[in-house]
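Chemist: Line order of the protein sequences matches chains G and Y. Just remember that my numbering sits 7 ahead of the position in the first sequence, which is counted from 1. Just remember that my numbering sits 32 ahead of the position in the second sequence, which is counted from 1.
Note that these hints are calculated values from the structure, not bench results. Note that CB positions come from ideal geometry on N, CA and C, so glycine has one too. Warning: the hint list may mix true and false statements.
[Said to hold, decoys possible] A few chain Y residues that don't get close to chain G, going by computed Cβ distances all over 12 Å: (1) T42; (2) T46; (3) A53; (4) T54; (5) L57; (6) S58; (7) L61; (8) K62; (9) D63; (10) G66; (11) A67; (12) I69; (13) F76; (14) V90; (15) F92; (16) T93.
[Claimed, not checked] Computed Cβ-Cβ distance ranges for the label pairs, DEER-style: (17) Y/V52 - G/H138: 47 to 57 Å; (18) Y/T42 - G/N202: 24 to 34 Å; (19) Y/G86 - G/F76: 22 to 32 Å.
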Amino acid sequence: MKALSLLLALFVGFLLIGVLDDLPAWGDAKSPANSYVSAYYLKNSMEQTHVPNVVTAVLADYRGFDTMFETGVVFVAVIGIMAILRRDPKEEDSETGDRPPHAPPEGFILGVATRFIVPFMQMFALYVIAHGHHSPGGGFQGGVILGASLILMAMTGELESALDRMREKWFIVLVAGGFLLYAGVGLGCMFFGGNFLDYSALAPLLGGDPKAAAIMARYHGMLWVEIGVAFTVMSSMFAIFAYLSSDGRMDRGL
Amino acid sequence: MIWPQDLIWTYDFTLLVLVVATAALSLALKDLMGAAIVFGTYSFFMCLLWTVMGAVDVAFTEAAVGAGVSTVFFIATAYNIKKEAKD
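The following block holds chain Y by itself, in its conformation from the complex:
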C-alpha cells in the first residue's frame, strides 16, 4: 500500500500521541476498572500502529489478545479485589 508521504506522517504522529496519552492515563487513573479499560484502548492504538507499519499478523494478535482478552482478564480481576489502587 502506498500512502501519500504527508498523510502517513500525520497518521503516525496522531497514533503515537494517542498511545503515549492512553498509556500515561492508564497509569494515572486510581479506579482500577477505568485503568483496565483505558489500557484496552492503548492496546487498540498499538494495534493500529502495527497495521500502519505493515505488521498485520502482530496487529491481529494485539487486537485479539491485548485489546480483547487481556482487558477482560483485568476487569475480572479488578472486580474481585478492592476497587481503588492505594498509590
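The following block holds chain G by itself, in its conformation from the complex:
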C-alpha cells in the first residue's frame, strides 16, 4: 500500500512538472489572465472607485459577491466547529481523565509584555482594516490580527481573561453579525434602486455632486463590507482557538 501510494504521488508529481512548460511565464502581460478582466481593472478601478489598491477594489467591489460568500464559508466553518467540539460544561463526561495536564503560564514579564503589546496589535489591526484601500490589508487580515490579539491574551494568561473580553455567547452573534453587515450593505444598495452590492446606488446618502458621490459611495461601501468581514474573522479565529484549546469546555486553556 505504501509503495503504491509513493508510486502514485511520484506519477502525479511528474505529471504536474510535465505541464509546467504550458503555463504562461511569470508576469507575462499577454497571458490570458492578464489580457481581459485584469487589464480592465487596472485601467478603470481608480476612476471608477477611487481606490488606489486594485486588490481591494477587485475583492470588495468588482467581485464583492465572491467575498461575501467567502465570509459565509467562515461562518459555516465556525458552526461546524461548534457542532463538533462544543460541550455542555454542566454535563458529566467520563473522558476528563484523558486530558493533558493544565500548565498555566507563569511569570510577571509575560503578563506585562502581553498587556503592553495587545493595544498596539489592536490599533494596528484597525489601521489595516481602515487603510486597506490604500495599502496591503483589509478586513480579512485586520480581523485575523484582532483575533490574534485575543488569542495572545488567552495563551499568556488564563483562557478566562480573554473570555472576559469576549464571552462565548458573543462568538456566533459576531460571526453572523459580520456576515449580515456585509449582506445588509448589499441589500441597502437594492433599497436605493441599484443591484445587489452595487455600492454606487448608495450615492444619495453622501449627497453633493451625484457623479462624484457615486464614485465615493463605492469607496465607502467597500469600507463597510471590510468591517463586516473583520467582525466575522476576528470572532471566528478566537472562537476556534477557544474551542480547540479548552477541548470544547471553555473552562481552561492549554
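Fit chain Y to the given chain G structure using the hints.
Modeler: Coordinates of chain Y only, in the frame set by chain G:
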C-alpha cells in the same frame, strides 16, 4: 521595485529551497508539536516568496493566517491529543 537580475534569482532560489525543505521536514517529523512549528516556518517562507513576486496582499494574509493563527491552532490541537503520530 527593480532588483538586479542576479540578486532576485538568488533570492528566489534560496526561498524555493527553504520552502521545499520545510514542507518535507514538517511531513517527516514524528513529533506533532515540532511539525506544527516547522509548518509555521514553511508559511513564513511562502509569505516571503509572495512578497518577492509582488503579491503583497496575499503575503500579508499568509503571514497573518498561515504563519500566525493556524500555527497556534495546530499547537492547540497537538497539545490536546496524543503527542506522536503513528506513521
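Chemist: Compute the least Cβ-Cβ separation between Y/T46 and chain G, then decide whether it is above 12 Å.
Modeler: 17 Å, holds
Chemist: Holds or violated: is the Cβ of Y/S58 farther than 12 Å from all Cβ atoms of chain G?
Modeler: 16 Å, holds
Chemist: Y/F92 clear of chain G by more than 12 Å, beta carbon to beta carbon?
Modeler: 5 Å, violated
Chemist: Quick check for students: does the CB of Y/I69 sit more than 12 Å from each CB in chain G?
Modeler: 14 Å, holds
Chemist: Decide, holds or violated, for the assertion that all CB atoms of chain G are farther than 12 Å from the CB of Y/T42.
Modeler: 16 Å, holds
Chemist: Could you let me know if the closest chain G CB is still more than 12 Å away from the CB of Y/T93?
Modeler: Contrary to the label, Y/T93 does not stay out of reach of chain G, its closest Cβ about 6 Å off (not over 12 Å).
Chemist: Y/L61 clear of chain G by more than 12 Å, beta carbon to beta carbon?
Modeler: 18 Å, holds
Chemist: Grab the minimum beta-carbon distance between Y/V90 and chain G and tell me whether it stays above 12 Å.
Modeler: 8 Å, violated
Chemist: May I ask you to test the hint 47 to 57 Å on the CB atoms belonging to Y/V52 and G/H138?
Modeler: 35 Å, violated
Chemist: Checking a non-interface call: every C-beta of chain G should be farther than 12 Å from the C-beta of Y/T54. Is that right?
Modeler: 18 Å, holds
Chemist: Determine whether the non-interface label on Y/G66 survives the test: each CB of chain G must be over 12 Å from its CB.
Modeler: 16 Å, holds
Chemist: Confirm or reject the claim that Y/G86 and G/F76 have a C-beta distance inside 22 to 32 Å.
Modeler: This hint holds: roughly 27 Å between Cβ atoms.
The earlier numbered hints that this structure contradicts are 14, 15, 16, 17, 18.
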